[in-house]
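Each chain, letter by letter, is given below.
Protein chains: 2
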Amino acid sequence: MRVPFSKMYNEFLRVLLKAGFVEERAALCAQLFTESSLDGVHSHGLNRFPEFIRHIKKGYVDIHASPEKVETFGSLERWDGNLGPGNLNAHFSMGRAIQIANKTGVGCVALRNTNHWMRGGTYGWQAADANCIAICFTNTEPNLPPWGGIDCRIGNNPFVIAVPRTNGHIVLDMAMSQFSYGKMESYMRNREALPVYGGFDYKGNLTCSPDEIIKSRRLLPIGYWKGSGLAIMLDLLTSLLSKGRSTYMVGELKEEYGVSQVFICFNGIHLLGSSFLDNVIEEIIDFIHGTTPSGENERVYYPGERTLVTRKLNREKGIPVDPLIWQKVLEM
Amino acid sequence: MRVPFSKMYNEFLRVLLKAGFVEERAALCAQLFTESSLDGVHSHGLNRFPEFIRHIKKGYVDIHASPEKVETFGSLERWDGNLGPGNLNAHFSMGRAIQIANKTGVGCVALRNTNHWMRGGTYGWQAADANCIAICFTNTEPNLPPWGGIDCRIGNNPFVIAVPRTNGHIVLDMAMSQFSYGKMESYMRNREALPVYGGFDYKGNLTCSPDEIIKSRRLLPIGYWKGSGLAIMLDLLTSLLSKGRSTYMVGELKEEYGVSQVFICFNGIHLLGSSFLDNVIEEIIDFIHGTTPSGENERVYYPGERTLVTRKLNREKGIPVDPLIWQKVLEM
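Residue numbers (the numbering used here), protein chains in the order written: chain P, 1417 to 1748; chain H, 1417 to 1748.
Treat the hints as calculated values from the structure; they're not laboratory data. Please note that a few of the clues may not be correct.
One copy or any two copies: either way a pair holds, since identical chains are not told apart in the list.
Capping the alpha-carbon separation at 27 Å, the derived lysine-lysine pairs in DSS-like fashion look like this [claimed, not checked]:
| id | residue 1 | residue 2 |
| --- | --- | --- |
| 1 | Lys1670 | Lys1728 |
| 2 | Lys1728 | Lys1619 |
| 3 | Lys1485 | Lys1519 |
| 4 | Lys1619 | Lys1659 |
| 5 | Lys1519 | Lys1659 |
| 6 | Lys1744 | Lys1474 |
| 7 | Lys1599 | Lys1631 |
| 8 | Lys1670 | Lys1474 |
| 9 | Lys1744 | Lys1733 |
| 10 | Lys1485 | Lys1733 |
| 11 | Lys1434 | Lys1659 |
So here's chain P without its partners, still in its complex pose (with noise of 0.2 Å):
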């Protein structure tokens, strides 16, 4: 089942509404919802809709509030998300640190006290429209084991880099499990195997199957002990910078809210206007997409190029949805 791009904005547009939105925020966020969905991101789009008003409902999210600034040190700000909701927030804190940029070359905005900012992705692609590249990163709650333990103690603290592009940015958006829950439901309900380790059975042995990795909660890390490290190293930074709440702050709390961010920008106006530029960039994706491929059907691709491809074709087809959750939404 497909539902076209304004259909589904308009439905998140009048719950968001009957939530009690303003109009502009409203449109915003219904928009940013939609967008991950036409990406092909329904983990962080139409499927996690209903999660964000259950916590506008129980008061995690308060959708009136903005970020404040709360101390400047030059080119690195630090402000209060005011638990605001979290893709507003982010989306506005990018812009934030565009606009730092523009002035001063790089700009950094440290954001305490939001919350989940939904697709990560959104602020890479942000920055790039604005010809910027950026760094973003955020903290989660405590939900995956740090290499050498069993129990969840870090998070999976999802990264972001993206370099503006005429033919199409490049965006890398990825968190530290080498696969999400949201996946591991995927491939379970295909009745499909990974197609590489995800974790550990409860015997502690390395498995494919996402049926005991879900049971056992022990995702792995990408790269074992590097991406369990490069996890810890985002959670500091997050909490340190903004002066928010660590991931283990987060654990402490009933429910995910209140994390931690840091959005980082680069001038891309005198950087990158140059078609010098653009060459090198060209020549970088040519070089990688005439890599030999490893079999028949694989090839090499850039950091968002199927994006690019998902979301031309559901801009034409339609954005798949789960009938399930489309219906619970119209009833909303």
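Could you slot chain H onto chain P? The hints should help.
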């Protein structure tokens, strides 16, 4: 066989002076090499030293060259390394990023036309010693196949994040391949299998055999497609921000030289001076250390924790050396 710090330092100093370095630069270069071995990173300390001297003799490294500022955009500066010694250039650049951060909150130095920085962690420890949070990364020659392909068209692009801490800094220093060639060779010498998959054999099967991987040159990026994507992004950032050589362009040269690097610093004085923030770090570390171990001899370490143990041990007992390589240096 172990050698005291001062003895190793003096040998490096002697060889560098003989090679024509001026005294001050020879001293810093010798110190950086010795510190890498002291911290247990032999591959980029003693074991790399003869190769460093070879690169000088080949003319890839200009021992008298220093970085020159090319362009300034506020907190972002672009420097040309003039093919100077990679560790001196990188040390200078992180120093400059610290200076900028101390003035404007964030500092970014993009360095082109430089050389192998040896141990990346060096510049993380340097920034943390200056009470700064830092992120830095370098590109390399093509030495890793991107996900979906078999020939080496991306770099293993080392990536470093550092956080200053009163009780010992937290420093992550990782390349994008699951194992380095040096690490695999050491497993091979000990006739041991890798603890996890490190790459593909020539038939395209994932394997823990270091011999097979070294033969096929099909090393595995961390997290499969994720590390592959991250390596591509780091190459884009280094070459675009510095307007320097990409991994593709470095691959066009006869050997690996003239690479691109980025050094980002966040001012630590305002951010981390308070005991509140030191407490946050200890709380995060205590939480991670409290994870139930995954096995009898397992425990969770934070990034850099074991480096501090090694550093202390080697200060006291001397630095372990490969006798053949040590002899080679003595005869230089």
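(message) Output the indices of the hints that this structure fails to meet, ascending.
(response) Hints 1, 2, 4, 10, 11 are the ones this structure does not satisfy, whereas the remaining hints hold.
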